[in-house]
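J.: Chain by chain, the residues:
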Amino acid sequence: DQQVKQNSPSLSVQEGRISILNCDYTNSMFDYFLWYKKYPAEGPTFLISISSIKDKNEDGRFTVFLNKSAKHLSLHIVPSQPGDSAVYFCAASDFGNEKLTFGTGTRLTIIP
Amino acid sequence: ETGVTQSPTHLIKTRGQQVTLRCSSQSGHNTVSWYQQALGQGPQFIFQYYREEENGRGNFPPRFSGLQFPNYSSELNVNALELDDSALYLCASSATSAGPSGTGELFFGEGSRLTVL
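Here the protein sequences line up with chains A and B, keeping their order. Residue numbers 1 to 112, in this note's numbering, belong to the letters of the first sequence in order. Residue numbers 1 to 117, in this note's numbering, belong to the letters of the second sequence in order.
Note that these hints are calculated values from the structure, not bench results. Bear in mind the structure is a predicted one, so any value in this text is a computation, not a measurement. Even glycine gets a Cβ: it sits at the ideal position worked out from N, Cα and C. Hints may contain errors.
Calculated lysine to any residue pairs in the SDA-like style (CA-CA distance at most 20 Å, straight line) [claimed, not checked]:
{"id": "1", "chain 1": "A", "residue 1": "K37", "chain 2": "B", "residue 2": "A38"}
{"id": "2", "chain 1": "A", "residue 1": "K99", "chain 2": "B", "residue 2": "E75"}
{"id": "3", "chain 1": "A", "residue 1": "K99", "chain 2": "B", "residue 2": "K13"}
{"id": "4", "chain 1": "A", "residue 1": "K37", "chain 2": "B", "residue 2": "A87"}
{"id": "5", "chain 1": "A", "residue 1": "K5", "chain 2": "B", "residue 2": "Q44"}
{"id": "6", "chain 1": "A", "residue 1": "K99", "chain 2": "B", "residue 2": "R15"}
{"id": "7", "chain 1": "A", "residue 1": "K37", "chain 2": "A", "residue 2": "S12"}
{"id": "8", "chain 1": "A", "residue 1": "K99", "chain 2": "B", "residue 2": "V116"}
{"id": "9", "chain 1": "A", "residue 1": "K5", "chain 2": "A", "residue 2": "I48"}
Heads up, incomplete: computed chain A residues facing chain B, CB under 8 Å, no partners named [claimed, not checked]:
{"id": "10", "residue": "P40"}
{"id": "11", "residue": "A41"}
{"id": "12", "residue": "E42"}
{"id": "13", "residue": "P44"}
{"id": "14", "residue": "K54"}
{"id": "15", "residue": "F65"}
{"id": "16", "residue": "P79"}
{"id": "17", "residue": "G83"}
{"id": "18", "residue": "F89"}
{"id": "19", "residue": "L100"}
{"id": "20", "residue": "F102"}
{"id": "21", "residue": "T104"}
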């Protein structure tokens, strides 16, 4: 039972353009969502998060959008840079729960 | 500030053996969580330890067990290894057990890659 789904295993984007990574969830109890980035041979690192009381959160080049009615969130990276090439994981939790539920990841490749 | 460190980084075991993986949490963090990441999958929650007690467990059998020590470092033990236990095991520490929505943001180590033959 995959409660967090990332349906695109991979995505290639030209340097300087916008990268859009998508994530869907099924558990309506989830109220906090995070994106993690993972380089090879490293652990995932936290990128950006959003609470269910918001529909948008920005941090520099990274913006996360949340559509609660559609149970969908997306990560926008603009402009995309070569250093953004990595695997991106969407994750979710419900308030006070120590557990994160992860998606299967999307491998983003930025083409110079 | 020292980050999360895990050992060993790679190891190979045979089916039926036992393995112990170790994790040192980030300075100032009292909570450790363990995740299993199989090939092509996202990390899956195994369990969390807070102040030396198990504080939540995912859908893993009892042969997966853990410990947390007074210095907040932790061990993951897996008995009776099966082929499907081959995976990257990630340790993550946080400053609180409240979960990420309680600002218990997780900081991950590089992982221990276990291969079971």
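J.: None of the hints should be skipped; say for each whether it holds.
T.: How the hints compare with the structure:
Using a Cα cut-off of 20 Å, the hinted pair A/K37 and B/A38 holds, with the two alpha carbons roughly 17 Å apart. About 18 Å separates the Cα atoms of A/K99 and B/E75, which keeps this hinted pair within 20 Å; it holds. Restraint check for A/K99 and B/K13: not satisfied, since their Cα atoms lie roughly 28 Å apart, outside the 20 Å limit. Distance hint between A/K37 and B/A87 is fulfilled; the C-alpha atoms sit about 19 Å from each other, no more than 20 Å.
Using a Cα cut-off of 20 Å, the hinted pair A/K5 and B/Q44 holds, with the two alpha carbons roughly 13 Å apart. Proximity of A/K99 to B/R15 is assessed by CA-CA distance (about 29 Å); at most 20 Å being required, the pair is judged violated. Note on A/K37 and A/S12: the hinted pairing holds, with a Cα-Cα distance of about 16 Å set against a maximum of 20 Å. With a C-alpha separation of about 26 Å, the suggested pair A/K99 and B/V116 falls outside the 20 Å cut-off, and the hint is violated.
Between A/K5 and A/I48, the direct Cα distance comes to roughly 18 Å. Compliance with the 20 Å bound is thereby established for this hinted pair. Against a cut-off of 8 Å between C-beta atoms, the interface hint on A/P40 is violated, since the closest Cβ of chain B lies about 10 Å away. With a least beta-carbon distance of about 6 Å to chain B, the hint placing A/A41 at the interface is held under the 8 Å criterion. A least Cβ separation of about 6 Å between A/E42 and chain B falls short of the 8 Å threshold, and the interface hint therefore holds.
Residue-level restraint check for A/P44 holds (minimum Cβ-Cβ distance to chain B is 5 Å; threshold 8 Å). Taking 8 Å as the C-beta contact cut-off toward chain B, the hint placing A/K54 at the interface is violated, the least distance being around 12 Å. Evaluation of the A/F65 hint against chain B yields a violated restraint, the C-beta minimum of about 18 Å exceeding 8 Å. A least Cβ separation of about 26 Å between A/P79 and chain B goes past the 8 Å threshold, and the interface hint is therefore violated.
Interface hint at A/G83: violated, since its Cβ lies 19 Å from the closest Cβ of chain B, which is beyond the 8 Å cut-off. For A/F89, the shortest C-beta to C-beta distance to chain B is roughly 5 Å, which falls under 8 Å, so the interface hint holds. Taking 8 Å as the C-beta cut-off, the interface hint given for A/L100 holds, the closest approach to chain B being about 6 Å. At about 3 Å, the closest approach between the beta carbon of A/F102 and any beta carbon in chain B falls short of 8 Å, and the interface hint on this residue holds.
Because the closest C-beta pair between A/T104 and chain B is about 5 Å apart, less than 8 Å, the hint holds.
The structure shown violates the earlier hints numbered 3, 6, 8, 10, 14, 15, 16 and 17.
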